[in-house]
Each structure stands twice: as structure tokens, then as C-alpha cells.
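> This is what each chain is made of:
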Amino acid sequence: MTTLPAALLQTIPQGVDYVRILPELILSVFGIVVMVLDPLVDEEKSQKLLGFIGLGGALAGLLATWYMAQSPGLAFSNMVKVDDFSVFFHFLIIGIAAVVMLSSFEYMAVQRIRAGEYYALILFGTVGMALMSSAVELVLIFIALEISSISTYILTGFRRNEASSSEASLKYFLLGSFATAFFLYGVALMFGATGSTNIDLISQKLQAEPVQLLVFVAMALMFVGLGFKVAAAPFHVWTPDVYEGAPAPVVGLMSTAPKAAAFAVLLRVVFTINAPGRSGLLWVAAALSMTLGNVGALVQGNVKRLLAYSSIAHAGYLLMAFAMTGSGDSIAGISAAMFYTAAYAAMNLGAFAVVSHFANAGERYVTLEDYEGLGRSSPLLAATLTIFLLSLIGIPLTGGFFAKFYVFNAAMKAHLIWLTLVGVINSAIGAYYYLRLIVVMYMRESRKEVPVTAIPFGLGVALAISLAATVYLGILPNRILQFAQHSAQELTPPQPSAISANGEQMPPPAAIPQP
Amino acid sequence: MSTDSWSTYILTFVTFAPLVGALLLLVFPRRDRDIRIFALVFSLLTFLLALHLPVHFHRSVQGFQYEIDRQWISTPDIHYHMALDGISLWLVVLTTFLTPLCVLISWKSVHDRVKEFFILLLILETALIGVFTSLDLFLFYFFWESTLIPMALLIGIFGHERKVYAAVKFFMYTMIASVFMLAAILWLYAHTGSFDFVVIRDQIARGRVPNLPAAAQWLFLGFFLAFAVKVPLFPFHTWLPDAHVEAPTAGSVLLAGVLLKMGTYGMLRFNLGLFPEQARHNAPWIMILALIGIIYGALVAMVQPNMKKLIAYSSVSHLGFVVLGIFSFTQAGLNGAMFVMLAHGVSTGGLFMLAGILHERRHTYEISEFGGLATPMPVYAASYLFIVLASLGLPLLNGFIGEFLVLTGAFQAKPVYGVLAATGVIWSAGYLLWMFQRVFYGKVTKPVNLSMRDMIGFEKAAVWPCAIAALLMGVAPILWLAAIDPAVQAALTPFTQVVSKVVGQ
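First to last, the protein sequences are chains A and B.
Sequential numbering from 1 applies to the first sequence in this note's numbering.
Sequential numbering from 1 applies to the second sequence in this note's numbering.
Okay, chain B solo, but in the shape it has when bound:
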């Protein structure tokens, strides 16, 4: 195949490779071991395909690449329009990076209905990649809703005690919020005659959409609500702890690692891209909500007796940074937001895997059940410490870069926001290290913990790539930022124009 057609179809391959795997699994005999190997091979294959994207990505180009645009349905005018820019590029890579690790971490922990588990996991991967690659609003909504079913089923079938409650809560919360986005998308189609993101953006920018001024605020809110629930932004976060605590480990990893980013990605792409004026208008209260999320999430994480709940609330806090960065409308803030998204995906994914390893052995997440684990499980303790340090933002690891950039952006936007957000960094060091100390240091308080097995091969294979990625991202952030920066600049163009308009007056 020539390079041209490669770059046209590569996105289609990456997006649908996991789905092909899932369909093949459907007719696969119920031999659990083979199913696991097959799922691993397919998810690795997808990852390798996805690596093609950053390798051949033109970093200096601002617009979309690997574009494919075909008509799918003529009335209404729905296109199969997919493309990547620096914003979505790394999110796709992150998704394909985490999925094989999810397969590995579930190797031993899932032994009932193995086939269904891996089918759902692969379908979920396709839906997630689709969310980040589609540029047609309809296609985007289509993938967006498609993530719900496999995720809800993963939680509801393979989760822990209160799994059904958590699954239904997750489903209903996000479904109800996203119908408002559907209403907004339909309004846009009715008034522009297109679902194409690029077309709609240009029409709005040129003021060619009738009745837009009256409706823009509502449209902005329609999109924003769907994204805010997904992020989750305070006060829409209540579904998250339940979903995380009850989800199986792989579910938690993808939920925290990728699903939450769908929300922040959506804000960046659609709220900022389509409605820059409204975004600027609404930024003050959104930034305040983000700040509340950062501090509230951290404080609640501090007092959690349940390790998984603690990590879940730390996600609320970290995602608050992302939203703060996005709505600071500064180059540094947006770059930072993107970087926090990726870093959080890697390190929180790692944390959830590590928590899952403990649950595997003791069937509990209660921090008080552990203590002094560093003695029986030295390798595990070392890996845990590494990921914890990455997550709390130690320099030279990935958490630091993103948070630093976001704080820079927040200072530029409004110094007091920067100061308040900076306390979040301190809090996160507090609750993570305190948790680490209670679990690993001191004497072994419960005799049962003495005989706990250290990490086994599969677990190492799942966790260590996260640690390596965290280190790499911390040492050489430019590898990532080189692609992110031009896209962020492009996303900010309307804002700089608004500013120059104001200045010009």
C-alpha cells in the first residue's frame, strides 16, 4: 500500500482493529487461556498500528491529519469523517497503550465469563478511539454513546459487591447528560445543514448561522453538561467513586485513564472550538468549579478509608487541573491540560492496577487492612512508590510537567486561581504519601499480610510500562508537547482574535 492510502485508512484500521478482534472472539471456542492470548495479541496489534500515527505525524502542521471523509448517510448528511490533530493524537495512543495492559492485569483476576469480558473490553477500545478520531458530530455522538454499554456491562457483570447499583448509576448519569448534547447537535444541524465539525466551526466563526446569538449559550451548556459529567467536574462527580470502587481493575483503568478524558477532550474540542465567545463568558464560574474540584477532591481523598475510593477522588482533583488549564485560555494552560490528561491516564491507570493487585490477594481495598507491606512485597512497594511519586507531581516524572504548566497558565489568567490550585499539589502529596505510609511502612499489623505474594510476571508486565512511560514523559516532555503545541495554538486562535478585538476597541 502506498503511503498516501496508508495515511487515509490508518485511522480506520486503528479504530476498528479491536472491534474485529471482538467479533472474532465471538466465534472463538471457550478456551480461556487462548482467549486471553488472542485479546492480548489484538490489543498489542492495535497499539503497534497506533504507533504509526505519532511516527508519521507532521508536528509543525496545525490542522487535521490522516483525514478520511466519506459520506455514510445522505439524509441527514452524515459523514464518516475522521482525522487527528495534536490534541487527539496522544489520546488515541494512550487508549491503545492502556488496553493491552488491561488485558494483562485481568489475566488471572478474571476467571468467570472470560470470553464476554475480553469482547467487551475490545468493543470499548474501539468506541473510545472513535470518540477521539471522529470529526463528524453525529459520528462523535455515536461513539460517545457506544462507550456506555460495554463500560456499564464491565462494571455490572465483573464488578464487586454493589456492582449493579454502580453500573446503573454510571449509565443513567452519563446518558441523561449526553442527551442535552444530542439536542445541541441537532440544533446545529438544523441551522447549518451539516454535522461536520470543521464546517460548523467555520460557519459559526463567520457568523453565518441564523439565530445563533440567542441559542449559543444554551448550546454551549448542552455540550458542557455532557462533558462535565464525564470529567467529572464538581458537583457532577458523585457517580465516579461508586463506579470506580465497584468496577473490575481493567474497567477502572480505562474509566480513569481514558473515559474521563472524553469529557475534557470534548470541552477542548467542542466547547472551545465551536463557541469561543461563550467559553470566555462562562470561564469564571467553570474555573471556580474546577478549583473547588481540585481542593474538594483532594480533601475528600485524604479521609478515604478505601484505597480505590482515594484514587477515585484524586482523579476528581487531577481532572480539576485539566479543566482549569483549558479555561485559562493560555498556551501554557492548554498545553498543561493536555499533558495532565496523558500523565493522569498513565499514572492513575498504574495506581488502579496496583490497587487491583492487592484486591486480588486480600479481596479488600480497606487501607486499615494493610500495613507494613514493604516487608513481604518489596518489588510491589517499589513500583507503588514510583507511581505514587509520578502521580503527586515529583519533578522528572510526568505529573510535574502538566501541573506546572497548568499552574503557569492559571497564574497568567488570574493569580489567585494559580495560588489556590497550587495548594492542590500539596494536598495530593499529602493524601498519596500518607496512604503509602499506612499501607507499606511500619510493622506488619495483620499476620495474613505476611504471606502475601509479591508481584508476578503478568502484573509486572502490566504495571512497569506505566512506570516507564511516566519516567519518559517526565524526562522528555517535548516528545509529546511538540505535537500538542501547534494544535493548542490552533485551538486558541479564536481567543487571541477576541482579545485583539477587545484591544482594538
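Next up, chain A with everything else stripped away, as it sits in the complex:
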């Protein structure tokens, strides 16, 4: 046997390679099924049926993720890496998609939107986002980013009778493609500087050689692209308009899942590459996002816009966890960021589920005045929203508290005292506008008739899941955090001497029994 066929053989994808993208495959299949069925079934019935197929797809995706987690390793010529880190984000993203679909059932009916591609687009978007979290190849990351982005562009414009929705979609699309172009440019420059687009190889290269100016530029450009996706200042300007125009459940989705995916990419890129000079960049972005987001939210009268600014602020808190450098600190930082994405997803999804239920046909009731007296007219809905808002403030016994706590703790550990101070002051400012909403619900009497319908089953389940997750993370955060810490170790860059040891950590594909 010569070496050539063996090398060739290795490039042919093996069975286990497909296992490592199994969730993505399953989600795609379900998405295609939804697309194919859509013209075949009666329009009246299609809403429910397609929704359930979509939900089934997400649940199957979760199962597949569990199966995938049993065979960690690299796949498709080192383009995809299954490790605890990607498993964490797979669970999170697909879980978010499932909850969003649950809360969409009723919304689609009330808004009289034909389900059609809606559920398929969510599934396809999820494929992109899930792939973002496991891709270790910059070009593949770009492709995954595009898959997820294009789905969200369309979903944003799904209230097609509303001008604001189309406007939001167009705005998001134009600015979004611009941002991904930046990302691609950054990837190209990184390739120019290091001769590779593989994150691990880039990391080794950067450790071995003196860092060129080109690398800094490449990192900055890539950060522009990802910063746009996570709505970090100064690339946040699109957020309020797009969130205001997009359908409420879609906002729930795109304020959590693509953000989580983009943060996953950012974590991989920043920490595995161990990007030089990142701390200044991230420091400024974190401080700016927190401050602009919170100050902007103070004056909003529209709840969706308010939550949009709040999501900018939360991106800022999250970015705090990126600004640290030393390897001991980075584990604390990565795990804090992972925990934060999970907690933020739970509470924000819940908040948007309430908002989308309350908005009613044509999203008529989305201003603060509409929420007046909700504590009396619908105590359960108001109490649920209150818990999510308290979690967004960061009040004890909620996930938001530990999320903020871990991030601040990590920043303090890394001696980022000023950034921590900016963070804690911001979280106090932030309390004001969430509190305003609570005050409006409980302490004012309603001045106009706002119909409140009973909570339908799907939404009830979605709310229960988000609520349970928020409270669970607030009382027993240990398990999630430990998992995050465990997976954080796989992201920290291999030390020059430890590269081989790192290679052993990932069992080669042959060592895994073939299914």
C-alpha cells in the first residue's frame, strides 16, 4: 500500500463524518419536508400541520445532537469539530428554535399569516446557526453565517402586509450583507497573513511567528461582521428598527439564536486563535454597547424597541467576558459567556413570547401604555413577564443574576476593574427601564380597552419552558456552568509544547466504532 491512496481515503467523508453533522442533516430534511408539503395541504390545515412538523424537526434535531455528542472529533477534512462546546450551542440553538415554533402557532393564526415557508425558514436558519457553532474553518463559518442570515432576512419581512416589516427586512438585508462582506474580507486577509483558514492552524501559525499588522486588520474586520450579528455597538444601529418591524416571535428568535451562534464563532475565533490585540477592541465594544443600549432604552415607548435596546446592552455585558487574555482567565471568560447566552436566551425568549401574545392582530398593542393595568387584567401573563424582566435586570433567583455575576466575576478576575465598574453601573441604569414596564403593569390603571385573550397551549408550553429555564439557572446554575467550564478548556489555544497533547485529546476518526 502506498501512502497516496491512504491520504486520498482520508479525504473521503466517512460514516462518522455524517454523524457529526447529523442535527444539521435532520433539520434540513424536515425543512425540505415542510416546503414540499406546503403546496400539497389545504391552506386552513397547513398552519397546524406544518408547525408540528417543524417542531418535530427541532425535537429530532435535539435527539440527533445527543447522538452526535457521543462521537466527538473532527469531520470533513477538519472543517467541523464536535466537542462539548459545539454540543452546548447545538442544544441551545435548536432548543430556542423549538420554543420559538411553539410560540408561533397562535401568532401565525392571529396575524393571519400563511405558515408556508415560515417553519421551513426557521429550520434552515437553525441549520446555519448550528453549523456556525461547530465549524472550525473560516470559510465554512462564512457559509453557515450566510445560511442563517438569509433565513432571518426573509423571516423579518414575514408580516408582508405591513410596510414596517418589509422596511425592516430590507434594512436588515442591506446592512447585514454589508457586514458579512466585512467578515469575508477579514477571512481573506487572515488567509493572506497566515496561509490558512483553519482556526487551529491559524492559531499555531500565530504562535510560531511574529504577528503581522495584517492579522490585526483581519481580526478587526471579522469583528465588524460578527459584531453586527450580535448587535454590539457601534454596529447596532439596525437593531431597534428591525426588531420593531419584524414579527414578534421572529424577534424572539433572532435576538437569541443567531446571537448565540455568532457568539460561539466569536468565542472560537477570539480564544482559539488567541487573537492578539483583541482586548482593547472588545473593551471598547463592550463598554459602548452597554452604555448606548441602556441609555437608548431609557426613552423608548415601544416595548419591542425597548427590548431591542436591552439586547444591545446585553451584548455588551456578554462582550465583557471576551476582553480577557491570560489562559486561566479565558476559561472563566468563556464559561461566563456561554452561561450568559443560555440565560439570556431563556429570559428574552420568554419576554418576547409574552409580547407576541399580547400584541394581538397586526401587532397593535406594543406600546408601554398598552401594558397599563395588565397586572389586574391578566395576572398570570403579567407575573410571567415580570419574572423575565427581573431576570433581565439581574435580580437574584433568576438566571440573569448569575449570568451577570459570572461575567463580572470573570472580568474582575482578569483585573478589568474599570470595565467591571462600567458594567455594574450600567446594570443599575438598566434596572430603570425594565422597572418602568413592571411599574406600568402593576401600578397604573389601564386607560384604554386592550383585549387579553387566554394563553393558548403552545404558547403556554413555550412560556413554561423559558420560565423553568430562567428559574433553574437562577437557583442551580452549577451544572450548566461546570459543563461550560469543561468545554471552555477545549477552546483555549494549545500551548506550543502541548500541540501534540491537544491532538490526542481528539480521538482520531478511526478510533471510533463505525455505526
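Accuracy of the hints is not assured; some may be wrong.
Derived Cβ-Cβ restraints for the label pairs, each shown as a range [claimed, not checked]:
#1 B:T238 x A:R447: 27 to 35 Å
#2 A:W66 x B:H160: 52 to 60 Å
#3 B:T493 x A:N478: 30 to 38 Å
In silico contact screen, one side only, chain A against chain B (beta carbon under 7 Å); selected entries [as the list claims (entries may be wrong)]:
#4 P396
#5 N409
#6 M412
#7 N478
#8 L481
Quick caveat, the hints were computed from the structure, so don't treat them as lab data.
No residue lacks a Cβ here, since even glycine has one placed at the ideal position from N, Cα and C.
Once you have looked at the hints, place chain B on chain A.
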């Protein structure tokens, strides 16, 4: 259960009994009367449980008792660490003592959203007890922040005209101040690897914390700011009158009776316990602020046309005594500070209840609306006089002991402070008695006041225990001081060491 496990778990029972009550109320049918009875039973039960603490407390022991220490979260290393010493013991008892009275005083005055009211009240009680019992800094912060929500909601939902403004102001003021404490706690964790008060105190005392000398002043200020706003120390007091005037009676009672003490307790426990050198360093300007608070609070109270505002400013003045006593670093001063905290809780709680009774009947707190009330309401007038006398520091009642001890301590620290603070006692007699005279003596000026009903059973049941406690504390202060004194001695140990160091040089 054996006595051993009793003493391990008793604090957990006391702390969480009200919360259990609140959770049960959540699923309770909306029958207002039953809800009230249920809340009363649960708060009394908590009080009885809490009485176990002083009964079985070893008075001669300096350290912590009823200790329970379990790991709650492994990373970061957060413990469920609770214990009591003589400082926190009585504050827990005070909290559980006032809560049933709050339930009683709200019996008739709260008729809308009764269920929510009592749920919030019981949650607040748990949070307050938790603040005094936790020894893990994280747990402490957790309870500290937890008091905010129920209190803000009590003010904002059940308060008077400008309730929303007052609730938001209260929330924002204390929230913004306490994030600095969070930053300080995080710094300590980052440098010591522990949230445990005892561990951190020992590490600091042994000089084992890296970079501490550079940061200690900032850490001290971080803690101090959070506590000073809560106390409230001049010039951070502006939230207090608003919150008090707008709060429902029960809210005011707990706010003045217990919430303010969280601040002074925090200073005593954390500012003095963790950073003795910085405490000594900063004592001069803090004592001056306390003196300004004593005199300014009294003078502003003098000219208040609103009875509740008057009592609120008198709190600013009285709490100034507490801070003065704490930062005098003398045995007498600290004992006095502790005693004023308890006495103020009882007597000001009583005053707020009495003011609430008037508001119940006339829907106003304006002093000028009343006059000659002693004629239609003799029992009420007598009760009021008793509590007023207790509050202004008449010997044989509780206010006197504490103020006397604080003044002794202040004289030892710096005679001029003692002299200035002593004028505060005179002022307080002035504004309280003048208010009493305007409200109760003379002819009935407004015909509507003639038909006012005297105190009814619930109101008597709420106010009289305060009067009895005030008398008891005034006659037999040793019952309280016996437990406080050793704890205060322990708190002062680092200071006596500092002194001996200085003397040795």
C-alpha cells in the same frame, strides 16, 4: 429532633418560614379574611421560632452560633453559610417581632389585592432575615437585593398619591448604590477565592490578600456607599421621606424598623469587620456626616407639616446616632448603636402605625388637619404619648439607654462630637412634643375630628406590643445587652489591636 440538629437548622427554619407562607398563599383562594388570618399565623409562627434563638443563645460566647455551612454552588465557591452573633441576633428577632404587627395594622387598611400584599410582606420578611443571618458575602448580597423588589412593589402598588415616583426612586437609589458593593465583593472573591466572611476577614487580618493596600480604601467605600444610602446617612437621605410618605403603613414600619438597619448592620459587620484600618481612617468625616444627619434631620423634622415626613426625618436623626456610635470605636458607642437600632425599630415602628391609624380615618397626614384629638380619642392619645416619650429618650424607656450609651462613646472618642450629638436629643424632644401638642391638645379645631373613632382591637394589638417592648427595653436593657456586649467586643478586637500597635510604637 435532637438539640444539635435544631441549632443547625433553626436559622434556616426562621429565615424561610415566611417564604413558605408566601408560597402557600400563592395557591390560596382569594378569601381576604382567611388570607389575613393565614398571614398572621405564619408571621407569629416565625416569631415563635425566632424566640428560640435568644433563649438558647450562649451569651458568653463571642463568635457565631447556630452555624450552618453547606456548599451551594461549587464554581464560584458559594456557600449557604448562615450564623448569628449578638449583633445579628436581636435584629432577626426585631424583624420577626414587627412583621405580625404589620399584618395586624394592615388588617383593615388594605382591602384591595389583599393576597398580593401579604405575599409581598412575607417575602420581604424572609429577605430581611436572610440579610442578617448570611455570612457568605454572595448570599448576603443575594438577600440584600431581594429586599428591593417586595419593598418597591409594596410602596408602588399599595402606597398613596405619588407612590410610583417614590417606589422607583427608592429602587434606583438603593440599586445603584449596591452595585458598588457588588464590585467590591467581586474584587474580594477574585483575590481571596472565597465569599466567606470569616475566611476573608482572617485573610485580610493576616495580610494574605495581594494588592489589598492599594484597593482597600476603594473596597471600603464600595461597601460604605451601599450601606450609607440604606441608612440613610446625610447627604444620601433624600429617597427616605418620599418612600415613607407614600408607603403603606406596614411598608413604613418595616422600612424604618428593619430596612434602615440593614445599612447600619452592614457598616458594623463589613466595614468594621473587614477593613478596620480604613474604618479608622475614614471615621472623622463619617462621624461629621453622622452629626450633620442628627442635627439636620432634627431641624428639618421640626418644620414638617406632614406627620409621616416628620417621623421620617426623625429617623434620619436617630440613625445618625447609630452611625456616630459605630464609628466611635468604643465599647459604649457600639453597644449604644446596637441598642438605638433596636429601640428605633420598636418605637418608630409604633409611631408609623399610629400615624397610619390617623390616615385610615382622615386620609391625610397633615398636622394642621388635626388638633385636640385627645378629646375624641383618649386611648389613642395615651398610646401615642407613650411611644413619643420612648422615641425622644425619656429615662426608663428604650430610647434613653441607647442614646446615652452612644453619647458616652462619642465623648470618649471626641468630646465635641458628644456635645453636638447631645443637642440632637434636645431637638428630638422639641419636634416630637411640639407635634404631639399640635395634634392632641387644645380645642378640637375641625368638627370632623370630633366623630373620630378611637383605636379598635386590631390597632391596639398592633401598637401595644411596641409600647410594652419599649418599656421592657428601658427597664431591663441588660436582657439585650448581655448578648450584644460580647459580640461588640469581638467586633472591636482589631481596633484595640491597632491602638496597642500605635501605643507600642
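> None of the hints should be skipped; say for each whether it holds.
Outcome of the hint check:
For T238 (chain B) and R447 (chain A), the hinted distance range of 27 to 35 Å is satisfied, since their beta carbons lie about 31 Å from each other. The given range of 52 to 60 Å is respected by W66 (chain A) and H160 (chain B), whose C-beta atoms sit roughly 56 Å from each other. As the Cβ distance of T493 (chain B) to N478 (chain A) is approximately 36 Å, the hint placing it in 30 to 38 Å holds. Interface hint at P396 (chain A): satisfied, since its Cβ lies 4 Å from the closest Cβ of chain B, which is below the 7 Å cut-off.
A least Cβ separation of about 5 Å between N409 (chain A) and chain B falls short of the 7 Å threshold, and the interface hint therefore holds. At a threshold of 7 Å, the smallest CB-CB gap from M412 (chain A) to chain B is about 4 Å, leaving the interface hint in force. The restraint placing N478 (chain A) at the interface with chain B holds, with a minimum CB-CB distance near 5 Å, inside the 7 Å limit. Hint on L481 (chain A) holds. Least Cβ distance to chain B is approximately 6 Å, under the 7 Å limit.
The structure fails none of the hints (numbered hints given earlier).
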